[in-house]
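S.K.: For the record, the sequence lines run as chains A, C and W.
Mapping of the first sequence onto UniProt numbering: residues 1 to 211, in sequence order.
Mapping of the second sequence onto UniProt numbering: residues 1 to 279, in sequence order.
Mapping of the third sequence onto UniProt numbering: residues 1 to 240, in sequence order.
Hints are computed from structural coordinates only; laboratory data are not their basis.
One or more of the hints may lead you astray.
Straight-line alpha carbon distances no greater than 20 Å define the calculated PhoX-like cross-link-like pairs of lysine-lysine that follow [stated by the list, open to error]:
no.	chain 1	residue 1	chain 2	residue 2
1	A	Lys186	C	Lys232
2	C	Lys191	A	Lys67
3	A	Lys182	C	Lys5
4	C	Lys104	C	Lys5
5	W	Lys34	A	Lys125
6	C	Lys104	C	Lys65
7	C	Lys5	C	Lys22
8	C	Lys251	A	Lys186
9	A	Lys204	W	Lys219
10	A	Lys151	C	Lys232
11	C	Lys232	C	Lys185
12	A	Lys164	C	Lys257
13	C	Lys104	A	Lys151
14	W	Lys219	A	Lys205
15	W	Lys134	W	Lys183
16	C	Lys232	A	Lys182
17	A	Lys50	C	Lys5
18	A	Lys45	W	Lys13
19	A	Lys182	A	Lys4
20	A	Lys50	W	Lys134
21	W	Lys34	A	Lys164
22	A	Lys50	W	Lys131
23	W	Lys83	W	Lys134
24	A	Lys67	C	Lys104
25	W	Lys110	W	Lys83
26	C	Lys251	C	Lys262
27	W	Lys131	A	Lys45
28	C	Lys257	A	Lys182
29	A	Lys125	W	Lys219
30	W	Lys13	A	Lys125
31	A	Lys151	C	Lys262
32	A	Lys204	A	Lys186
33	C	Lys191	C	Lys257
34	A	Lys164	W	Lys13
35	C	Lys22	C	Lys65
36	A	Lys50	W	Lys13
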Amino acid sequence: MAPKLRDLIITYNNLANPDGSALFCQGNTIVQAYVFGPVDVSNSKERSEKASLFVTFKPKNSYEIRKELYENYIRTVLETIIHLDMHPRTSISVILQEMQDDGCLLSAAVNSACCALLDAGIPMKCMIASVTSCISVDAIQLDPNKEASQKSDGSIVLTFESSKNGIISVTSEGELTFDNIKEAIKLGCLASKEIYDFYHKSMKKRFLINS
Amino acid sequence: MELLKIHHEHFFSKGIRVDGRKFNEFRDLLVNIDSIETADSSIVVKIGSTTVMCGIKVTLNEDVKALESVNYSDLIDLEIALHPLDEDKGEREEINSLLVKLIKGNVLFDHKPLICEDEDGERQYLTLNIELICLNNDGNVLDAFIIAFLGAINSLKFPDYKSICDENLHPQPTSKPSRNNAEYKRLNVLKFPISITAALMSNGNVLVDPNRDEEQLATGLISIVFDVATEKIIMIEKQGGTPMDDVSLLKHISFSKSMATKFFKTMPILQSKGEAMET
Amino acid sequence: MTDTIVFPGFSIKSLIDEENEAKDKKIVIGPGLKRQINDVRAIKCGILRSRTSNNLIVYWIDSHQKRYVAVRGERVIGVVVGKGAMSVNVDIGTSELASLSLLAFESATKRNRPNIQLGDLVYARILSANKDMKTELICVTSQMKKDGLGVLPQGGFMISVPLRVCRRLLSPGCKLIEILGSKFKYEITVGLNGRIWIRSPSITETIYIVNTFLSVEDKDEQGMLDLYKQITDKFQVIVR
Chain A
1 MAPKLRDLII TYNNLANPDG SALFCQGNTI VQAYVFGPVD VSNSKERSEK
51 ASLFVTFKPK NSYEIRKELY ENYIRTVLET IIHLDMHPRT SISVILQEMQ
101 DDGCLLSAAV NSACCALLDA GIPMKCMIAS VTSCISVDAI QLDPNKEASQ
151 KSDGSIVLTF ESSKNGIISV TSEGELTFDN IKEAIKLGCL ASKEIYDFYH
201 KSMKKRFLIN S
Chain C
1 MELLKIHHEH FFSKGIRVDG RKFNEFRDLL VNIDSIETAD SSIVVKIGST
51 TVMCGIKVTL NEDVKALESV NYSDLIDLEI ALHPLDEDKG EREEINSLLV
101 KLIKGNVLFD HKPLICEDED GERQYLTLNI ELICLNNDGN VLDAFIIAFL
151 GAINSLKFPD YKSICDENLH PQPTSKPSRN NAEYKRLNVL KFPISITAAL
201 MSNGNVLVDP NRDEEQLATG LISIVFDVAT EKIIMIEKQG GTPMDDVSLL
251 KHISFSKSMA TKFFKTMPIL QSKGEAMET
Chain W
1 MTDTIVFPGF SIKSLIDEEN EAKDKKIVIG PGLKRQINDV RAIKCGILRS
51 RTSNNLIVYW IDSHQKRYVA VRGERVIGVV VGKGAMSVNV DIGTSELASL
101 SLLAFESATK RNRPNIQLGD LVYARILSAN KDMKTELICV TSQMKKDGLG
151 VLPQGGFMIS VPLRVCRRLL SPGCKLIEIL GSKFKYEITV GLNGRIWIRS
201 PSITETIYIV NTFLSVEDKD EQGMLDLYKQ ITDKFQVIVR
């Protein structure tokens, strides 16, 4: 079970209005992320020492996915890596739109949010990469598509950060054994390096065109 | 807040916490069963000063008949009440969504006893109305809620459909005494979830079973829910906070597993009655 | 290692140490970099650049950004959106409105206030920019001279471009403004907050000039050279 992610494709700055946008494709799962910020915020929502971060996730079928769980997960990850104290009394809004779901939607959403923030120039402490693994009958599969994840017994979504390759967030569904988690973390570490390489390559392409 | 932080860090540097516990010690646990007579099963759990209550009432459910297929999560009506002045909206929603995900997302008990056929051959559905109420939040409500839920489900005794129907037609002032003891049914619990929550501090310390002050100083929480029967992990949640490297995360998971099993063995109320548990 | 693409979290301490070994110059950390306790890290994604002058080395990151964050000393174009007794509120594209005192104009006194209306465009300099306070603007230089600052005349057209386009236009290597000037008669003001104001006698000329500036966004070095060639070949000098 060699760690093989599906093909990754990204388009930066594809929307004219937002300050940063990214269309991220992981295999057949496509998520559009866009960022507004730092912008003005009403007095009730403003925080005096930090920027307020708002994350909205827009799924295609709102009754299939628990929207709040996804938004919570993504928001807590982003709060850890953005330098919120550099823009107090402002708000940074990240909106994620599901275009197509073929498994690993949460991971694709986290990755696309990271890219949109890079594109908007919002100060960040490091980069993030998220991977999903699913377990079925003691075999672990990295980056499953929708069919495979529905047949599996359990799945785990890990988010890594680039400075020390630490784990920022974990969420799981279904049943997993300790060895499953150990294996998932190992695969996830390797896969996250692939994702960072991909970010580097895609940004290089972008900058070399408009230098 | 700064003073609180300095006060706590003074103790952390010596390897203990403000209340004298080591970093991986749990607080004392107190359990009180069947204190509410009007509920079919009730339990009050105290972890240190954190007090939560779980009450279950079995009622007849007419709405579910309209659905094509009735599965496990349709027969549970879960209500979680955290005092609105105690924590902010975000925290309440987080605990809410985690509990709903755990209880409704995993098949924790066998729901067949809740489906019965009456004299006309029509299917009647009973619903478990579960209420989880936090009476005092001194940190770690999630663990307390899960212990309360497990205890309540385990000690649940409900009569069959006919008695409940009669009750609805002729309500009595105190319903319990009129039920005949022999008719009670119990639920077969399939999974025994025990959760271990720890707070992550900015300097890397991991504090198991945090109290309210420690929760507020923490950069994030990590909760792991084990099914002690099969020793599998039902849910692992770490939402943001200080990043942990893989070695310390795995160490923490295996430590929590042993804690959860130890915990479970010391609490007969949580173990299934009837069969001897091999733990 | 300069002129390479860096990402948030990338430490440039090793680069600074190696370039500074023998020289012992002062190091200035510019936009896009942040100093942590013992380390200097990139916080934006972009190209790391450096410049050496007498006894200073400056490091900074050139990034693609659309939203402007106020920096002291930069010249920006703003739109007047609110008027108070002694100051006006100006929108310069940051998260908050900036304030411009009505006394901060050449030869302005309490009795002799400048004529500013709501909706006017102002070319001003940022006097103070702090993340915790409201940004302040002034329309005079330190010698209390106008020097091109102040209310922009009527009849012009303002466009919004990404920040790097403005910086590119103002850089010494870019000849676009002069080449257009050799073919057209026009007035231009470039604000570092991503706004360009243009005024030209006829509408078609204004539209052509505006479209030229908008197309700079996607062009690389070669594209710019092609653009210069296209302008010089396409038009004859207009004689009036």
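S.K.: Lys50(A) and Lys134(W) were given as a pair; does the straight-line alpha-carbon distance stay at or below 20 Å?
M.R.: Holds, at roughly 16 Å.
S.K.: Going straight from one Cα to the other, do Lys251(C) and Lys186(A) come out at no more than 20 Å?
M.R.: Status holds; Cα separation ~14 Å.
S.K.: Please verify whether Lys191(C) and Lys257(C) have alpha carbons no more than 20 Å apart.
M.R.: Holds, at roughly 15 Å.
S.K.: Is Lys151(A) close enough to Lys232(C), meaning Cα to Cα at most 20 Å?
M.R.: holds (18 Å)
S.K.: Is it true that the CA of Lys204(A) sits at most 20 Å from the CA of Lys219(W)?
M.R.: Answer holds: Lys204(A) to Lys219(W) is near 16 Å, not above 20 Å.
S.K.: Hey, Lys5(C) versus Lys22(C), does the alpha-carbon distance stay inside 20 Å?
M.R.: Distance of about 18 Å is within 20 Å: holds.
S.K.: Could you grab the alpha-carbon distance between Lys125(A) and Lys219(W) and see if it respects the 20 Å cut-off?
M.R.: It is violated: about 30 Å lies between the C-alpha atoms, which goes past 20 Å.
S.K.: Under the criterion that the straight-line Cα-Cα distance not exceed 20 Å, is the pair Lys186(A), Lys232(C) satisfied?
M.R.: Roughly 19 Å separates the two Cα atoms, so the pair holds.
S.K.: Check whether the Cα positions of Lys50(A) and Lys13(W) lie no farther apart than 20 Å.
M.R.: Given pair Lys50(A), Lys13(W) is violated - Cα atoms ~27 Å apart, limit 20 Å.
S.K.: Taken at face value, is the distance from the CA of Lys13(W) to the CA of Lys45(A) at most 20 Å?
M.R.: violated (38 Å)
S.K.: Given the hinted pair Lys104(C) and Lys65(C), is their Cα-Cα distance within 20 Å?
M.R.: holds (19 Å)
S.K.: Given the proposed pairing of Lys204(A) with Lys186(A), does the C-alpha separation stay at or below 20 Å?
M.R.: Violated, because 28 Å separates the two Cα atoms, which is more than 20 Å.
Comparing the model with each earlier hint shows violations of hints 2, 3, 4, 11, 12, 15, 18, 29, 31, 32, 35, 36; every other hint is respected.
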